[in-house]
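Student: Each chain is listed here by its residues.
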Amino acid sequence: MRVVVSGAAAISLLTSEHVHKLHRLIGFACETRHTIIFNPPNCLEEWLMQIDEPSANAYRKALDMSARAAALLAADTSQVTISAGVESSWGDPVAILEVDDAIRLLEEPLGILVENGENDWQFLMGLMRQSEKERVTDAIVRRWVQVLHGGGQTLSSEMLRRLTYKSSGLRTFVVFDSDRRHPSELENAWAPTGQVSCTGYGFEQIAKVEMPGRYWMLKRRFIESYMPQEELAAAVSGNVPPDAVTAYFRMNEAARWYYNMKKGFAGDDTPENGHRSQALFATLSADEKAALRTGFGRRMAERYAQASQRAFNWDAAAREEAGQMLPKMLRLI
Amino acid sequence: MLDSFTVENYRAFAKAQKIDVRPLTLFFGWNSGGKSSLLRFLPLLAESIRADGPPIWLGGELGRGATWSDLVCKAAERQSLRFALEWSGDYSMRAQWDIAGDGEGRWQETQELSVSLDEGPHKSYLRDENLMLRWLGLLPELGGEISTLKDVLHKLSREVQWISGVRVSPPRIATFSGGVPTVLKGDGRDAMLHLIAAHLKSTAAPLLELTGEFFLNLGDVLVLDNPAIGVWQTMLQPTNASQVRVNICDTGEGYAQVLPVLVALARARLDGPKLLCLEQPELHLHTRAQLELSRALIETAKSERNPKILVETHSEILLMSVQLAIAEGRIPPEDVRVYWVESRLDGTSEAVAVDFSETGQPIGTELQNAFGEAISLGRDLVLKQLNHGAK
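Residue numbers (our numbering), protein chains in the order written: chain V, 1 to 333; chain H, 1 to 391.
Read the hints as simulated data drawn from the structure, not as lab findings. A few of these clues could be false.
Distance windows between CB atoms, simulated [what the hints assert, rightly or not]:
{"no.": "1", "chain 1": "H", "residue 1": "Glu358", "chain 2": "V", "residue 2": "Arg250", "range": "21 to 29 Å"}
{"no.": "2", "chain 1": "H", "residue 1": "Asn130", "chain 2": "V", "residue 2": "Thr193", "range": "56 to 64 Å"}
{"no.": "3", "chain 1": "V", "residue 1": "Asn313", "chain 2": "H", "residue 2": "Pro206", "range": "51 to 59 Å"}
{"no.": "4", "chain 1": "H", "residue 1": "Glu104", "chain 2": "V", "residue 2": "Thr246", "range": "54 to 62 Å"}
{"no.": "5", "chain 1": "V", "residue 1": "Arg143", "chain 2": "H", "residue 2": "Leu381", "range": "46 to 54 Å"}
{"no.": "6", "chain 1": "H", "residue 1": "Thr67", "chain 2": "V", "residue 2": "Gly152", "range": "29 to 37 Å"}
{"no.": "7", "chain 1": "V", "residue 1": "Glu45", "chain 2": "H", "residue 2": "Pro227", "range": "53 to 61 Å"}
{"no.": "8", "chain 1": "H", "residue 1": "Leu381", "chain 2": "V", "residue 2": "Arg250", "range": "51 to 59 Å"}
{"no.": "9", "chain 1": "V", "residue 1": "Arg68", "chain 2": "H", "residue 2": "Glu209", "range": "42 to 50 Å"}
{"no.": "10", "chain 1": "H", "residue 1": "Pro332", "chain 2": "V", "residue 2": "Ala234", "range": "43 to 51 Å"}
Treat the numbers as computed from the prediction; the structure is a model and nothing was measured. No residue lacks a Cβ here, since even glycine has one placed at the ideal position from N, Cα and C.
In isolation and in its complexed conformation, chain H is listed as follows (with noise of 0.2 Å):
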């Protein structure tokens, strides 16, 4: 499994920024800060490898049409991204590219991949010195270690699912003509199609139970409707009034939003891509569902299958159920991490890591001001309430 990723002169981060691949990877942060670009760098990485092109293809849904100068760090006026993987487990070993590109976009090609195995010695690959040496996009086409990196690199562009923070509401009415893509579209469209097949496919229906398991806490049962051949909806009945029925898309923009994070979710303790990387799980959710949303990434955090769950977020409701679990020791300390990422004045942008207590507290005092504003309407509210109170 991924144990980490770092990233150099990537989007904001001119230097090189190591993050560690938990089981629950929090990324908090002002906006504009690059949280997004870190949290998307595993997906855009998984698309280029999909896509057997460039080393980075910068055209699909995660490069959306960027060029070259836009993918690395304006501040550090540098052309080439340099980037590692290491992974533990069945394969052992770290993997670090040097990609150099045009700021015009005409090309982009690797300069260096540099390969260790089991923490031994790492080999370098050039293409300079080696020009018979063909390259097609990220590996040089050879034999040994570098079949085994194609393997482990196919194998991740399985294993990541991204769930984009635009997402599109589920549809009214689905038809499924059967078969749905390993990966769930990074806007959540196919979702539903997710449930119609796994329940097709079962009649125990693992997927809808565990994905309605969110709504049940709630008081809402998850049902899929088959009003006729092929074609489904999505409905959601009170708990103790099931004669009143609503369909998903009617509910409100929550529900509906947090449908395909669900979907994901449930997948990755089941039998689906198991490293997701999700972008404001918990948009448009009241702070009930916040806290219902955190037990759904915890329980799944350490599920059987050790999935790992990468979180950008605002929600202070998530990471303070992360610590409270944390706390009542219902998920180990080491399991869990927090980057705070913040801007300079310079431009660039540094993920400074924060990891807890076993009572939860923050170790170091990132987060103290994390969601100050909060803090200071609150202060600023009850000194004017004393005042008014003693006038």
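So that you can see chain V by itself, here it is in the shape it has in the complex (with noise of 0.2 Å):
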């Protein structure tokens, strides 16, 4: 996060009840967890000439180093701006708050909660570039990033339940299924009605209102819809009918990417849902339908898993939404 403290609340922190306040700011641009600006820059000149050499230099270094890293930050990063005698603001992507709050926010690891912790993970890491997976892994490593596992049907508590504080809010990025069975589902008009049931949409509803620019909800229906045809036929290899991956891909992108790849067909044949694929599968063949009748099953989702070593063929649209959607996470970081 870059973190901007005003020269009036540097120069609150400087009595012996509080300077140990302003050594835990400086001790976040040391680590290089957040960027610490202090403005103006010199505002601390006095304070460093009173202390102990060694960490007067340090901690000049380190501020030096903050502005630099600084410089490279995303114009829409995570920003804490501490200012004396304010009453906190809990925004984003700028919060101003008073010196302790911010310190709490700054402290609470990044939560990306997602629906399975292993799968799901595993997913996000493979669509990411090197350089920001390198960035992640060392986060998480330094437990300034944590992954959460929400459950598919938990999730919306999950999320609620990190509303509950301002600071654990504000330090929550939550990916989620659409869930979705056809794009016109995706529309803002579009809401379940009657017995139509979509776990997607009310995981939406809560971060729309509640987690501004800190969700992303695929835009296809579920993580397994972005698996590459390779990958697909290796993970679910002598389970399902010889045909079905052939005829999956055989088939264009919208049904592909909202066809029920766990159970198929089958899977959403009910009445209350039925009519929810309008006719994305109406040119299908009879042996295509017979062979995507049962889907690909419940557990090709731990290719993701299983195959993190690898580099996914992914298709270019999901290459396109993970170069929209990532930096939204990695801004948090």
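Mind docking these for me? Both chains are given alone in their own frames, and the hints should help you get the complex.
Tutor: Right, dumping it as structure tokens:
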């Protein structure tokens, strides 16, 4: 995060009662956990000249490094402005906080909340570029980032639990399946009515209101809907009809993205939800429909974890979506 | 002027990469990611057009004797190269080529050329569909829009100035027998001759003056000495000590290496090629001199002739100088584009575009880790020093 400390706030910490907070703030810069900028930059010079020389030198160096790193932070990087005598305002991307709230927030690891802490997380890591992976992995090792398993059904209660406290709420990024069955269900005006159920829609409603800019609802139905052909073939080898994988990849993009990867057409064939795919699969032959009748099984997503060392050949749309959404997560680190 | 080029299945780039050519376009990334390949594409094309032989001439300075299979992406296992060029202004057109080649280097030929004028519908020329059509390198022998495209390509071949990352030092003494080619040699060996030619052409010598600005701001005056007829030396003298003149080849590699870059930049502002492709212009320069070089790059990018400069670099100073120039309003953000070039585990690479806000902040997180090692080293050092102090 980018932290800007006003000169007045810094000066207000130069008392024996509060000076430990100043040390803590500069400590974030020393660890390179957050970039700390004092404004004006020389407002601490008098104090630095009074403390022991090795610490003063190290602090100066850390603050110089912080300024250097801050120059390359994305424009929408999550920012905390620490001001004296203000009532905390927990905004995103800019929160204006008094120092105690700020330190609480800065000590809070970023929680990346996913439905499945193993498969979903490896799916996200697989989509990242090497430089992004290295950065996230380093942050996890240092406990600045935590991957949180929310559960497919319990994700919303986990979201609400994190939102109970401002500091953990602001330090949460959530990723979930859209669970949509047709691209038109992604439109703003769409809402499940009557007996129609859509778990992703429920998650989206909370995220949209409480965590704008801090969530990624996948454009496709499931994480499995992103699996490249060769990986899908390897994941389900021998467990599905021989033509299932090729029949799946013969379908057009929209049909593939909103097909029930786990349970196939049989899983979607309920009276209350059956209509939702509209004419997505209308052009399929009887043989293709038969091959895709029962889907690829519930364990297919394990491929993301099992083959995490492989470079998946993601399709261009998947790369593009990841290119738009992953920076929203990375800006919070 | 050329607005963009796109390459697909070229070197490490299996998928299409569209590179916008802004007044200042910078390529950053780790080693062996493909920055040089992208920067060299236009010079390679220019060299091929000048050679007037196969579509892509691989026997020249840029081709370096590569075979066709060296040129196409090894990870993609396809043998055809696709590239496109887009122009606006006097010639508003887009042209796209599909070129097939033989892995053993026996042949290469243009399979399809697709041209559209003024964003209109494109027209395709297929080699297989019209066997009577005679192809010469990149183009079929036809009039109309193909003739226009031919003119545009020839103009492009004269506009592209490549300066290699491996440059030779200027000679201690040069003899000048009159005349210089339009384009500087890639290794910069004739930079001094261009200075002499410009000096002889006009006593006002704006080329020498513009080239010398860099040195002047660092406390030295760039001087051409002419001790005998036809014999020349490039000297530097401290601003306040005119009696101390040092031959530029004795000043250390930094100044010697940057001279061709400065001459190319100055020529772009005057009457030389104005589509510059510069590899590591900051080679051997101290950060103070890198800062001065950044100023020269920015000044050139926004000069009257509207040159366009592509730079492959590892210089954090250069990046931050450009960011500061944006924040100070010295160059508009839309005139700058950075590409972060990174390879993937499957052996392919991609160039990710990064733009900047009006305050010079990157839009996107790609550059955050660009110099991560320097920050990590600083962190480790600071923490060690703090822990030592606590003992």
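Student: If a hint holds in the structure, say so; if it does not, say that too.
Tutor: Now the hints, each set against the structure:
{"no.": "1", "hint": "H:Glu358 <-> V:Arg250: 21 to 29 Å", "verdict": "violated (48 Å)"}
{"no.": "2", "hint": "H:Asn130 <-> V:Thr193: 56 to 64 Å", "verdict": "holds (59 Å)"}
{"no.": "3", "hint": "V:Asn313 <-> H:Pro206: 51 to 59 Å", "verdict": "holds (54 Å)"}
{"no.": "4", "hint": "H:Glu104 <-> V:Thr246: 54 to 62 Å", "verdict": "violated (34 Å)"}
{"no.": "5", "hint": "V:Arg143 <-> H:Leu381: 46 to 54 Å", "verdict": "violated (22 Å)"}
{"no.": "6", "hint": "H:Thr67 <-> V:Gly152: 29 to 37 Å", "verdict": "violated (52 Å)"}
{"no.": "7", "hint": "V:Glu45 <-> H:Pro227: 53 to 61 Å", "verdict": "holds (54 Å)"}
{"no.": "8", "hint": "H:Leu381 <-> V:Arg250: 51 to 59 Å", "verdict": "holds (58 Å)"}
{"no.": "9", "hint": "V:Arg68 <-> H:Glu209: 42 to 50 Å", "verdict": "violated (35 Å)"}
{"no.": "10", "hint": "H:Pro332 <-> V:Ala234: 43 to 51 Å", "verdict": "holds (50 Å)"}
Violated hints for the displayed structure, listed by number in ascending order: 1, 4, 5, 6, 9.
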